[in-house]
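From just these sequences and the hints, can you work out the full model?
Each chain, written out:
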Amino acid sequence: EKTATVANWASRTTIGGYGEHHFNHFKNKDDQVDAHRFVLYVGHQFSDTVRFFSEVELEHGLTKDTADGSGPGEVELEQAYIAWDFTKGHTLTMGQFLIPVGIINETHEPDTFYGVERNNVESAILPSTWWETGAMVSGEILPGFNYNVAVHSGLAIDPTGNGAVRGGRQKSAKATAEDLAYTGRLVYNAIPGLELSATYQYQADVTQGAAAEGEATFYELHARYQIANLTLTALTAEWDIDGSTFAANGSDQQEGSYLEASYKITPKLGVFVRQSQWDNRANSAVDTEIEQLDVGVNYWLTPTVVVKADVADQTNANGDAVNLGLGWSF
Amino acid sequence: EKTATVANWASRTTIGGYGEHHFNHFKNKDDQVDAHRFVLYVGHQFSDTVRFFSEVELEHGLTKDTADGSGPGEVELEQAYIAWDFTKGHTLTMGQFLIPVGIINETHEPDTFYGVERNNVESAILPSTWWETGAMVSGEILPGFNYNVAVHSGLAIDPTGNGAVRGGRQKSAKATAEDLAYTGRLVYNAIPGLELSATYQYQADVTQGAAAEGEATFYELHARYQIANLTLTALTAEWDIDGSTFAANGSDQQEGSYLEASYKITPKLGVFVRQSQWDNRANSAVDTEIEQLDVGVNYWLTPTVVVKADVADQTNANGDAVNLGLGWSF
Amino acid sequence: EKTATVANWASRTTIGGYGEHHFNHFKNKDDQVDAHRFVLYVGHQFSDTVRFFSEVELEHGLTKDTADGSGPGEVELEQAYIAWDFTKGHTLTMGQFLIPVGIINETHEPDTFYGVERNNVESAILPSTWWETGAMVSGEILPGFNYNVAVHSGLAIDPTGNGAVRGGRQKSAKATAEDLAYTGRLVYNAIPGLELSATYQYQADVTQGAAAEGEATFYELHARYQIANLTLTALTAEWDIDGSTFAANGSDQQEGSYLEASYKITPKLGVFVRQSQWDNRANSAVDTEIEQLDVGVNYWLTPTVVVKADVADQTNANGDAVNLGLGWSF
Numbered sequence: 003e004k005t006a007t008v009a010n011w012a013s014r015t016t017i018g019g020y021g022e023h024h025f026n027h028f029k030n031k032d033d034q035v036d037a038h039r040f041v042l043y044v045g046h047q048f049s050d051t052v053r054f055f056s057e058v059e060l061e062h063g064l065t066k067d068t069a070d071g072s073g074p075g076e077v078e079l080e081q082a083y084i085a086w087d088f089t090k091g092h093t094l095t096m097g098q099f100l101i102p103v104g105i106i107n108e109t110h111e112p113d114t115f116y117g118v119e120r121n122n123v124e125s126a127i128l129p130s131t132w133w134e135t136g137a138m139v140s141g142e143i144l145p146g147f148n149y150n151v152a153v154h155s156g157l158a159i160d161p162t163g164n165g166a167v168r169g170g171r172q173k174s175a176k177a178t179a180e181d182l183a184y185t186g187r188l189v190y191n192a193i194p195g196l197e198l199s200a201t202y203q204y205q206a207d208v209t210q211g212a213a214a215e216g217e218a219t220f221y222e223l224h225a226r227y228q229i230a231n232l233t234l235t236a237l238t239a240e241w242d243i244d245g246s247t248f249a250a251n252g253s254d255q256q257e258g259s260y261l262e263a264s265y266k267i268t269p270k271l272g273v274f275v276r277q278s279q280w281d282n283r284a285n286s287a288v289d290t291e292i293e294q295l296d297v298g299v300n301y302w303l304t305p306t307v308v309v310k311a312d313v314a315d316q317t318n319a320n321g322d323a324v325n326l327g328l329g330w331s332f
Numbered sequence: 003e004k005t006a007t008v009a010n011w012a013s014r015t016t017i018g019g020y021g022e023h024h025f026n027h028f029k030n031k032d033d034q035v036d037a038h039r040f041v042l043y044v045g046h047q048f049s050d051t052v053r054f055f056s057e058v059e060l061e062h063g064l065t066k067d068t069a070d071g072s073g074p075g076e077v078e079l080e081q082a083y084i085a086w087d088f089t090k091g092h093t094l095t096m097g098q099f100l101i102p103v104g105i106i107n108e109t110h111e112p113d114t115f116y117g118v119e120r121n122n123v124e125s126a127i128l129p130s131t132w133w134e135t136g137a138m139v140s141g142e143i144l145p146g147f148n149y150n151v152a153v154h155s156g157l158a159i160d161p162t163g164n165g166a167v168r169g170g171r172q173k174s175a176k177a178t179a180e181d182l183a184y185t186g187r188l189v190y191n192a193i194p195g196l197e198l199s200a201t202y203q204y205q206a207d208v209t210q211g212a213a214a215e216g217e218a219t220f221y222e223l224h225a226r227y228q229i230a231n232l233t234l235t236a237l238t239a240e241w242d243i244d245g246s247t248f249a250a251n252g253s254d255q256q257e258g259s260y261l262e263a264s265y266k267i268t269p270k271l272g273v274f275v276r277q278s279q280w281d282n283r284a285n286s287a288v289d290t291e292i293e294q295l296d297v298g299v300n301y302w303l304t305p306t307v308v309v310k311a312d313v314a315d316q317t318n319a320n321g322d323a324v325n326l327g328l329g330w331s332f
Numbered sequence: 003e004k005t006a007t008v009a010n011w012a013s014r015t016t017i018g019g020y021g022e023h024h025f026n027h028f029k030n031k032d033d034q035v036d037a038h039r040f041v042l043y044v045g046h047q048f049s050d051t052v053r054f055f056s057e058v059e060l061e062h063g064l065t066k067d068t069a070d071g072s073g074p075g076e077v078e079l080e081q082a083y084i085a086w087d088f089t090k091g092h093t094l095t096m097g098q099f100l101i102p103v104g105i106i107n108e109t110h111e112p113d114t115f116y117g118v119e120r121n122n123v124e125s126a127i128l129p130s131t132w133w134e135t136g137a138m139v140s141g142e143i144l145p146g147f148n149y150n151v152a153v154h155s156g157l158a159i160d161p162t163g164n165g166a167v168r169g170g171r172q173k174s175a176k177a178t179a180e181d182l183a184y185t186g187r188l189v190y191n192a193i194p195g196l197e198l199s200a201t202y203q204y205q206a207d208v209t210q211g212a213a214a215e216g217e218a219t220f221y222e223l224h225a226r227y228q229i230a231n232l233t234l235t236a237l238t239a240e241w242d243i244d245g246s247t248f249a250a251n252g253s254d255q256q257e258g259s260y261l262e263a264s265y266k267i268t269p270k271l272g273v274f275v276r277q278s279q280w281d282n283r284a285n286s287a288v289d290t291e292i293e294q295l296d297v298g299v300n301y302w303l304t305p306t307v308v309v310k311a312d313v314a315d316q317t318n319a320n321g322d323a324v325n326l327g328l329g330w331s332f
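Protein chains in written order, with our numbering: chain A, 3 to 332; chain B, 3 to 332; chain C, 3 to 332.
Be a bit skeptical, because a hint or two may be false.
As the list makes no split between identical chains, a pair holds if one copy fits it or if it spans any two.
[Claimed, not checked] Derived SDA-like pairs: lysine to any residue, alpha-carbon spacing no greater than 25 angstroms straight-line:
# : residue 1 : residue 2
1 : LYS29     : GLY211
2 : LYS29     : LEU196
3 : LYS31     : GLY169
4 : LYS31     : ASP160
5 : LYS270    : ARG53
If you're looking for bench data, these hints aren't it; they were derived computationally from the structure. These numbers were taken from a predicted model, which means no experiment stands behind them.
Have a look at this one:
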């Protein structure tokens with residue numbers, strides 16, 4: 003009877019999680035230890051075709067209220083959706099989901115990528131972790147061709163700020179919804195080891211009415227190819243935003259790209275090198291592009307527990323650092 | 003042996019949850035998308051007669067610290083109690099529990115009620131979700147007659163504010179406990195389909211010593227009758243608070259009521275209409291009563307996954323809205 | 003197949019928790035009801051030798067953002083580590099862990115100690131709950147002799163404050179890591195019923211560069227002896243911090259100790275008496291030592307559900323109180 007009780011909830015409800023601790027030795031500021039991310043997953047299978055999935059994150063290990071806003075962390079609902087396989091091979095996702103874009107945004111467990119910190123192109127340009135609330139249809143068109151089409155809450159970039167897209171994420175927390183956004187993605191993975199992905203997004207006004215214009219188009223392309231122990235990755239993304247507000251500081255174009263090569267010396271030990279460049283004010287008269295070279299190593303104690311070390315060298319910015327990390331997922 | 007391990011914890015500890023996403027098209031302000039509620043339940047069975055239950059909620063999807071207090075959300079412990087069946091049919095509940103009042107307060111999973119947002123009478127007058135910390139005895143007196151008797155932490159209404167009871171909830175978070183409150187409820191459900199419920203509460207000083215007077219009595223009555231696919235609900239509640247502080251703006255009387263009719267067209271599809279009125283300053287010289295008519299539809303994708311739509315039309319206030327919702331519980 | 007699914011996650015991932023509600027009748031301020039602590043444990047067994055453990059706490063039942071910093075609670079990651087049994091009898095712990103010191107710091111479930119509130123010596127001097135991020139090796143040297151050696155993030159005491167060590171805890175939340183700390187502990191428990199423990203810590207600069215000097219040494223010693231139903235506990239601890247900054251107000255020495263006797267009248271009912279004294283400015287010219295006498299009772303409804311009552315009488319401070327508590331762990 004006890005076993006029946008178990009089956010009753012634990013066969014339908016599942017718990018998981020991931021997390022990462024970071025030590026950063028910065029060149030230009032104090033070294034830091036941080037419980038950067040701690041995540042719990044909760045899922046539930048309502049029926050053969052309807053399921054729930056969620057992700058709650060405690061960032062920086064501590065949220066508390068202060069008078070000056072110096073509390074270090076956040077508690078964030080990053081995913082909370084109902085997925086319904088409405089027909090064979092096609093799924094309707096309703097609720098709060100991750101935008102189908104890039105590599106890190108949907109798959110961010112620390113054991114799945116190289117480098118202690120997530121790469122800056124996917125943080126500053128995509129801008130990961132990026133979730134919105136709405137509806138998405140996903141599925142397979144042809145063998146090896148997968149699609150996503152979504153309508154969802156949009157960005158709300160404060161036009162009095164620096165115009166960077168990352169600041170426009172409303173995180174589905176009392177988000178202004180005067181203007182929705184539309185996203186589509188195509189993924190091709192028919193050839194073993196190869197993944198090609200293209201995402202396009204349109205939003206009629208990324209300021210939600212706060213500025214005169216703000217029509218935005220966004221695309222992201224990436225390719226990943228794994229040949230034996232070598233993996234090569236290339237990613238590029240670009241925003242084009244209309245209007246004099248954004249044009250004033252050059253943030254009407256925001257773009258970035260990176261190339262990464264990684265090699266697994268043994269199943270437990272891998273090394274990587276990554277060359278990135280990104281610019282949140284690509285149309286400004288001054289040179290605002292940041293370049294970064296990362297070189298590092300991952301050691302997997304188990305397939306989903308990883309110890310990381312890397313060196314980051316930046317051009318045009320003060321982000322030089324030596325980083326150590328510990329991550330896990332289950 | 004693994005199965006034994008499972009039985010060891012998962013047969014005694016259980017996890018559940020519920021949540022709801024809302025889209026509100028407001029007549030008088032910006033539309034909003036919000037991860038309104040995300041809840042985890044954790045329970046544990048200590049013995050055949052002693053169990054634990056808890057509910058933790060992340061409201062509005064994000065808590066973070068800001069200098070101006072603009073962080074959108076809260077993390078709230080809503081329930082955390084030990085229930086002890088001290089004799090057959092009678093239970094002692096100790097700790098933090100939901101006040102036994104109304105319909106929504108104890109049963110607020112979105113699949114159990116009509117309307118995207120909870121009704122305003124139970125929010126503004128009861129005031130749901132309303133939890134306190136103390137001790138409660140519950141059980142069955144006669145077949146079909148159930149009771150609750152509780153002594154618990156009380157409200158602390160700031161007499162310099164508008165006097166509304168909702169603002170007096172201390173949420174058991176470093177709550178002032180100079181003055182406790184006493185609650186009793188009787189429920190009659192012997193006739194299939196019918197529920198009659200009456201709650202009474204007394205608190206000697208709802209200001210916890212902050213004002214000269216504040217003796218408060220509260221009652222709530224409701225009836226629900228289900229006949230085949232039709233369900234009729236009526237609820238009324240009233241506060242009477244002594245003292246010139248509350249009398250000054252008419253908040254010495256606070257009251258509300260609603261009538262709701264719902265009809266299940268199919269097991270998955272239901273429609274409803276609700277007429278509400280409530281007034282947190284019922285004794286004021288000016289007319290401060292708000293009336294609201296709600297009409298809407300629920301579609302249950304599975305028995306505990308629901309998509310909702312409704313229209314709200316208010317008199318005497320600016321709350322007109324068209325709402326869409328997605329909810330789940332497990 | 004469902005059973006297989008259960009085994010797949012619930013045989014490796016485990017959930018637990020603890021919590022405590024407090025009612026404090028204070029002599030010199032308003033009485034208080036508080037959901038003081040609500041904790042979830044999540045663990046995962048990655049392999050026979052590698053496991054994960056974590057503890058997340060919601061303190062004071064509610065976190066929300068306010069302009070004046072009056073939000074009552076915190077969400078805290080208190081533990082999140084990977085433990086690797088790298089050889090028989092020895093474990094490497096990496097990540098965020100509890101400092102191996104005292105009694106309460108590592109074992110703080112309410113059913114394991116007497117008194118509604120944790121004792122002030124372990125809060126003000128040790129300072130519990132005290133976690134840091136780093137690496138620790140633990141194991142058995144000889145039968146009955148266990149050790150811990152750790153290097154980890156250090157304190158960052160603001161030299162413009164009162165110098166108390168408790169305020170220096172950075173909680174691994176964007177913690178300044180210019181100066182690490184080193185901790186060692188030896189535990190002797192070869193004789194049944196007896197535990198002897200000694201912890202030593204060194205940090206070169208507990209101000210992380212904010213003051214001219216701040217070299218700190220810390221030791222803690224405790225003994226616990228259980229003879230039939232009687233348990234005797236003695237604990238003492240002391241900080242010595244170099245530099246004129248701390249010497250200016252006497253916080254260059256911070257020390258405390260307590261003696262506790264408890265007796266189990268029945269397996270469910272126990273009584274205790276505790277005499278404590280502590281001083282965070284032990285080298286000041288004025289007498290800043292606080293003494294406290296606690297007398298109380300624990301009643302275990304089940305082995306891990308406890309109801310508590312005690313009386314606290316302070317000398318040299320205003321902390322006199324009568325306390326009631328309810329606690330659980332699972």
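Taking the hints in turn, this is what the structure says about them:
1. LYS29 x GLY211: between (41 angstroms within a copy, 16 angstroms between copies)
2. LYS29 x LEU196: neither (37 angstroms within a copy, 50 angstroms between copies)
3. LYS31 x GLY169: Answer is both; intra-copy 23 angstroms and inter-copy 22 angstroms each pass.
4. LYS31 x ASP160: between (28 angstroms within a copy, 18 angstroms between copies)
5. LYS270 x ARG53: For LYS270 and ARG53, only the inter-copy Cα distance (17 angstroms) is at most 25 angstroms; the intra-copy one is 34 angstroms.
Comparing the model with each earlier hint shows a violation of hint 2 alone; every other hint is respected.
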